[in-house]
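Please model the entire structure based on the sequences and the hints provided.
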Amino acid sequence: MSSRRFVITVIGLDRVGIVAGISRVMAEHMVNIVDIRQTLMDDLFTMIMLAEVASENVDLTAFQEAMSAIGTELGVQVIVQHEDVFRFMHRI
Amino acid sequence: MLIHPEEILETINMVTNEHLDIRTVTMGINLRGCCHPDIAVFNKNIYNRILRCAENLVKTTEDIQRLYGIPIINKRISVTPIAIVAESCQAEDFCAVAETLDRAAYEAGIDFIGGFSALVQKGMTPGDLKLINSIPQALASTHKVCSSINVATTKAGINMDAVAMMGHIVKQTAGLTRDRAGIGCAKLVIFCNAPEDNPFMAGAFHGIGEPDCVINVGVSGPGVVNAAVRALQNPNLGEISECIKKTAFKITRMGEMVGKEVARRLNAQFGVLDLSLAPTPAVGDSVAAILEAMGLESCGTHGTTAALALLNDAVKKGGSMASSSVGGLSGAFIPVSEDEGMIRAVQRGSLTLDKLEAMTCVCSVGLDMIAVPGDTPASTISAIIADEMAIGMINKKTTAVRIIPAPGTKVGDMVEFGGLLGTAPVMPVHNFSSEVFISRGGRIPAPIQSLTN
Numbered sequence: 000m001s002s003r004r005f006v007i008t009v010i011g012l013d014r015v016g017i018v019a020g021i022s023r024v025m026a027e028h029m030v031n032i033v034d035i036r037q038t039l040m041d042d043l044f045t046m047i048m049l050a051e052v053a054s055e056n057v058d059l060t061a062f063q064e065a066m067s068a069i070g071t072e073l074g075v076q077v078i079v080q081h082e083d084v085f086r087f088m089h090r091i
Numbered sequence: 000m001l002i003h004p005e006e007i008l009e010t011i012n013m014v015t016n017e018h019l020d021i022r023t024v025t026m027g028i029n030l031r032g033c034c035h036p037d038i039a040v041f042n043k044n045i046y047n048r049i050l051r052c053a054e055n056l057v058k059t060t061e062d063i064q065r066l067y068g069i070p071i072i073n074k075r076i077s078v079t080p081i082a083i084v085a086e087s088c089q090a091e092d093f094c095a096v097a098e099t100l101d102r103a104a105y106e107a108g109i110d111f112i113g114g115f116s117a118l119v120q121k122g123m124t125p126g127d128l129k130l131i132n133s134i135p136q137a138l139a140s141t142h143k144v145c146s147s148i149n150v151a152t153t154k155a156g157i158n159m160d161a162v163a164m165m166g167h168i169v170k171q172t173a174g175l176t177r178d179r180a181g182i183g184c185a186k187l188v189i190f191c192n193a194p195e196d197n198p199f200m201a202g203a204f205h206g207i208g209e210p211d212c213v214i215n216v217g218v219s220g221p222g223v224v225n226a227a228v229r230a231l232q233n234p235n236l237g238e239i240s241e242c243i244k245k246t247a248f249k250i251t252r253m254g255e256m257v258g259k260e261v262a263r264r265l266n267a268q269f270g271v272l273d274l275s276l277a278p279t280p281a282v283g284d285s286v287a288a289i290l291e292a293m294g295l296e297s298c299g300t301h302g303t304t305a306a307l308a309l310l311n312d313a314v315k316k317g318g319s320m321a322s323s324s325v326g327g328l329s330g331a332f333i334p335v336s337e338d339e340g341m342i343r344a345v346q347r348g349s350l351t352l353d354k355l356e357a358m359t360c361v362c363s364v365g366l367d368m369i370a371v372p373g374d375t376p377a378s379t380i381s382a383i384i385a386d387e388m389a390i391g392m393i394n395k396k397t398t399a400v401r402i403i404p405a406p407g408t409k410v411g412d413m414v415e416f417g418g419l420l421g422t423a424p425v426m427p428v429h430n431f432s433s434e435v436f437i438s439r440g441g442r443i444p445a446p447i448q449s450l451t452n
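Respectively, the protein sequence lines represent chains A and B. Each residue of the first sequence is one higher than the last, beginning at 0 in numbering that gives the first Met the number 0. Each residue of the second sequence is one higher than the last, beginning at 0 in numbering that gives the first Met the number 0.
No wet-lab data here; the hints were simulated from the structure. Every value quoted in this text rests on a predicted model; they were computed, and no experiment measured them. Note that beta-carbon positions come from the ideal geometry of N, C-alpha and C, so glycine has one too. Be a bit skeptical, because a hint or two may be false.
Stated by the list, open to error - Covered, in the sense of this in silico footprint (three residues per stretch, anywhere, with C-beta under 8 Å from a C-beta of chain A), are these stretches of chain B:
(1) 8–14
(2) 66–73
(3) 246–253
To be verified - Incomplete in silico selection of chain B near chain A, CB under 10 Å:
(4) I2
(5) H3
(6) P4
(7) E54
(8) D62
(9) M256
(10) V257
(11) A321
Dropping the structure here:
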């Protein structure tokens with residue numbers, strides 16, 4: 000693990016309050032948004048965020064569970080993954 | 000943003016829709032320091048040693064799974080072949096050792112433990128003989144222990160005495176687990192040119208040239224390759240090969256990342272990354288489906304061997320470009336019971352045992368998870384093993400046989416093993432006898448390495 004950055008992917012039907020709800024939970028866990036991008040793919044709302052956790056000792060499980068819970072509440076799928084997955088897989 | 004959203008969505012799609020996973024994180028543990036003449040002391044030594052090394056294996060792999068969001072399906076352990084480390088034990092048999100391995104596996108929380116093994120390609124020591132004779136009882140009285148016997152190599156030839164013996168051992172193993180469809184045989188592999196660092200079961204053991212404690216990772220992804228090939232618009236075979244290579248590259252990179260991080264956290268050496276397209280019973284997660292995506296009406300028909308050769312080679316090329324640590328088996332597996340497409344092909348009548356044998360000439364491993372009628376003679380099973388060993392020996396590759404003469408079954412029956420082991424259609428074997436050939440015993444000499452026609 001070379002950094003404290005995570006990619007957060009939100010996929011689902013668009014509705015009011017998705018960004019607000021997700022970013023509230025992130026703030027509660029001291030997770031900072033570094034970059035954010037939104038697209039519509041096959042009518043699906045897709046939001047990809049690059050986020051940084053405050054310390055290496057962050058309780059990742061608790062954060063992931065909180066993100067899943069808010070996702071369920073908003074009717075979207077929320078996935079939190081360390082950024083290395085994408086760097087390793089797609090870049091040499 | 001440095002990472003492209005399309006790349007992120009591609010990765011997520013591979014995991015959520017195409018069954019991409021890390022099939023196994025396997026810890027190889029050296030048991031050579033555990034030898035003792037008293038089998039009770041020996042068992043205590045190996046139990047303590049395994050738990051000391053693997054104490055945090057399951058927790059660490061679960062942490063990594065969460066960190067990267069990539070499922071890790073199995074956690075396994077492989078150990079030094081028991082025939083070697085238990086050789087000095089003064090005991091009638093080694094069943095107690097298998098039971099100790101089983102207890103250690105349960106205590107460590109892992110799925111399988113491999114290494115109830117012996118290497119007998121050129122002959123048997125008293126320890127090898129004891130181990131082989133212990134296999135039926137050992138596999139019947141344990142749940143997580145896997146056994147493998149190497150009976151041939153390209154350098155040594157084929158030990159036909161061992162091949163003859165293994166026919167009987169397979170039959171006895173099926174008999175002692177008849178209440179569970181002969182499942183003991185699903186945990187027993189007979190090898191030619193067995194790799195020492197393979198993380199996949201049932202053939203994993205910790206080879207004698209390996210370090211003290213090592214992490215080997217097995218990655219799978221037939222579903223991903225299948226989806227990638229099917230997405231191509233009217234491709235030629237060169238384009239299909241190119242597509243498989245690129246996909247294999249990505250899968251391998253992910254496996255290497257996971258393996259290195261697990262090894263770092265467990266303070267173990269990172270060994271190999273084994274990229275093997277290992278199918279699961281899930282629809283689409285199938286090697287047969289990939290071959291059919293290339294244009295075959297049904298797996299097993301003419302052209303299947305060529306298609307499989309293309310697939311296996313492209314997987315190896317993509318994998319070896321992605322990582323310098325590629326090892327183990329690396330290629331495409333064709334276990335019948337675990338592959339929904341293979342099962343259908345057998346039921347349709349397009350895939351036979353003879354065609355499977357031909358396919359093993361060009362793919363990873365061999366005749367895998369094949370159910371045959373319960374009354375198949377031991378000599379016929381030995382002869383099937385001998386054929387497969389000959390293919391491996393001559394072609395300088397690993398081949399293996401994992402065959403289940405399911406007690407009380409006949410051709411056309413379905414045998415249910417459950418979980419990743421799946422469901423096997425009982426396949427016909429030739430009814431002409433191989434008895435005399437097998438009973439001759441002796442050794443098939445190592446092949447000439449020149450005049451390669």
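Evaluated hints:
1. With a cut-off of 8 Å between beta carbons, the segment 8–14 of chain B has 4 residues touching chain A; three or more are needed, and the interface restraint holds.
2. As drawn, the segment 66–73 of chain B meets chain A at 4 residues by the rule of a beta-carbon pair under 8 Å; at three or more, the given contact holds.
3. Counting residues of the segment 246–253 of chain B whose CB lies closer than 8 Å to any CB of chain A gives 3, so the stated coverage by that chain holds, three being the minimum.
4. For I2/B, the shortest C-beta to C-beta distance to chain A is roughly 5 Å, which falls under 10 Å, so the interface hint holds.
5. For H3/B, the suggested interface contact is upheld, since its CB lies about 8 Å from the closest CB of chain A, less than 10 Å.
6. Because the beta carbon of P4/B sits about 5 Å from the nearest beta carbon in chain A, less than 10 Å, this interface hint is met.
7. Given hint, E54/B at the interface with chain A, is violated; its Cβ is 20 Å from that chain's nearest Cβ, farther than 10 Å.
8. A least Cβ separation of about 8 Å between D62/B and chain A falls short of the 10 Å threshold, and the interface hint therefore holds.
9. With a least beta-carbon distance of about 4 Å to chain A, the hint placing M256/B at the interface is held under the 10 Å criterion.
10. Taken as an interface hint, V257/B checks out: its beta carbon lies about 9 Å from the nearest beta carbon of chain A, inside 10 Å.
11. Checking A321/B against chain A by beta carbon gives a least distance of about 9 Å; that is within 10 Å, so the hint holds.
Taken one by one, the earlier hints fail for this structure only at number 7.
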